[in-house]
Amino acid sequence: MAEINLRPLADRVLVEPSAAETKTASGIIIPDTAQEKPQQGKVVAVGNGKVDEPMTVKVGDTVLYGKYGGTEIKHNGVDYLIMREADIFAVIG
Amino acid sequence: MAEINLRPLADRVLVEPSAAETKTASGIIIPDTAQEKPQQGKVVAVGNGKVDEPMTVKVGDTVLYGKYGGTEIKHNGVDYLIMREADIFAVIG
Amino acid sequence: MAEINLRPLADRVLVEPSAAETKTASGIIIPDTAQEKPQQGKVVAVGNGKVDEPMTVKVGDTVLYGKYGGTEIKHNGVDYLIMREADIFAVIG
Amino acid sequence: MAEINLRPLADRVLVEPSAAETKTASGIIIPDTAQEKPQQGKVVAVGNGKVDEPMTVKVGDTVLYGKYGGTEIKHNGVDYLIMREADIFAVIG
Amino acid sequence: MAEINLRPLADRVLVEPSAAETKTASGIIIPDTAQEKPQQGKVVAVGNGKVDEPMTVKVGDTVLYGKYGGTEIKHNGVDYLIMREADIFAVIG
Amino acid sequence: MAEINLRPLADRVLVEPSAAETKTASGIIIPDTAQEKPQQGKVVAVGNGKVDEPMTVKVGDTVLYGKYGGTEIKHNGVDYLIMREADIFAVIG
Amino acid sequence: MAEINLRPLADRVLVEPSAAETKTASGIIIPDTAQEKPQQGKVVAVGNGKVDEPMTVKVGDTVLYGKYGGTEIKHNGVDYLIMREADIFAVIG
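Residue numbers (the working numbering), protein chains in the order written: chain A, 34 to 126; chain B, 34 to 126; chain C, 34 to 126; chain D, 34 to 126; chain E, 34 to 126; chain F, 34 to 126; chain G, 34 to 126.
Hints in this document: simulated from the structure, not taken from any laboratory.
Taking lysine-lysine pairs in the DSBU-like style, the calculated list, with each CA pair at most 30 Å apart, reads:
| # | chain 1 | residue 1 | chain 2 | residue 2 |
| --- | --- | --- | --- | --- |
| 1 | E | Lys91 | D | Lys83 |
| 2 | G | Lys91 | A | Lys91 |
| 3 | E | Lys75 | E | Lys100 |
Could you build the full structure based on these sequences and the hints that come with them?
Spelled out as structure tokens, the structure:
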């Protein structure tokens, strides 16, 4: 994964969503009946955090996040999501 | 209960809901007429808390939480809920 | 009153509601025309409070609280309410 | 006025409303056209305040408060109102 | 202007509205087309302020305030308004 | 511009709107299609700010502000707007 | 890019939107199906920030921001947007 030339501001995180989301390599299956289906992706870039709130996730982390969090952007042909760290539920692995 | 490879962020808690919820081993019966029926489960993973707000629950605690708190995820064939600690009412035992 | 094996989290309080609520032993009569009729009960368990907000009520206190505060739970055959301390109006006696 | 066995919590105040509210001894007349008619009463018990917010009113103060503030309770045959200090407009005298 | 026996609480201010409000002695004319017509009056009593927020207006100040701020009360035959200092726009003179 | 006898409270600013608002001397043209058309005016009086929030604009500054910010008042035959500093977008020049 | 005579207040940023927004020089393509399409522009002027919140973006930065953030203004024949720094998602490059 090459360095990306996008620097998220404040508590924002740039995430590259995983291709297959119904059954992933780490074994998470997203149930159909979930109210808010969590999504999985890889952290590509991380902001510097807010005053007194340092960031927790790091570039390379695989994260779970809510379905409706973040804004889609396409950069050099790749789809990304940019979201606030508070929209991330957990780090996998 | 094996170690799980999911690390909740901030004040989030990963809970494995108890199988039988109308009558549990510890004797709690969920009344039918309750406005918001509390649910019971076991804490599987705990975040590091927020700035100046350390976490109270520990892995292994049995907890009561609201019916509509948390997001369902399935991991290695097991159903979990991920919620904020503020959605947990009490620890049993 | 035996020790109960439920530990409320943060600023939550476990209350056992009084049986007779229209006329109690201490002489409080709940008027019919009140917009929000206060209820009376005994504190059974108390959380550790929040950061910089210690708890005021103690186990054994008789308290007045709002009609719509708290969540009902049944434990070992007894009905309880779990509520935040801010939902409690006053301590009697 | 005998000591009352009700201790309001935090920033709450127990008030005994004045009997005659259209024309009082201190000469306040509540106008008919007021959007929110202030009420008058005597402070009977006062909470300990919140963190960093000590209480201002004292037992025995005559106070003006909004019509819709507070919750009615009846204790030993007397009608009281329990309200937050922020619902009190002014002290008379 | 005699001393008044009403002590506003916290950040509240007691104001005696000016009699003529379309054309005053200091020359302010309230336009008909204003969305929220400011009113003018004299400060009669001032609270002690809130923690870390001392009061700015003084007894005797002529103030401009919003039309819908404050609660009307009548005391010894005089109409007053009681409002929060934040409802006052400016001091005249 | 003579001294004005109005002292805005806290973070409020008294502004004299510019006469011509579609094309001004400094060359700003307000587009017709803007969702919220900014307005331009001259600062006439400034409050002392709030605790820990000193004021930025000064008397004499030309400012841009939102169309729906502020309250209209007329003083000695001149139309003014009184608004909070947070309603001001930028200083021109 | 000449110096501009507009000084944004507090945490506001003046941005000159990029001309072509469906395909830019740096290769970002805005997808049609995005809920909120991010826009791209160049920072022209930056406020001094708020108390304890210094600014992150600098004049000359190329930024991504939400479609509905900011207010349009036209100055010396150029269209600008004025927005809060919190409305900016990321800096490019």
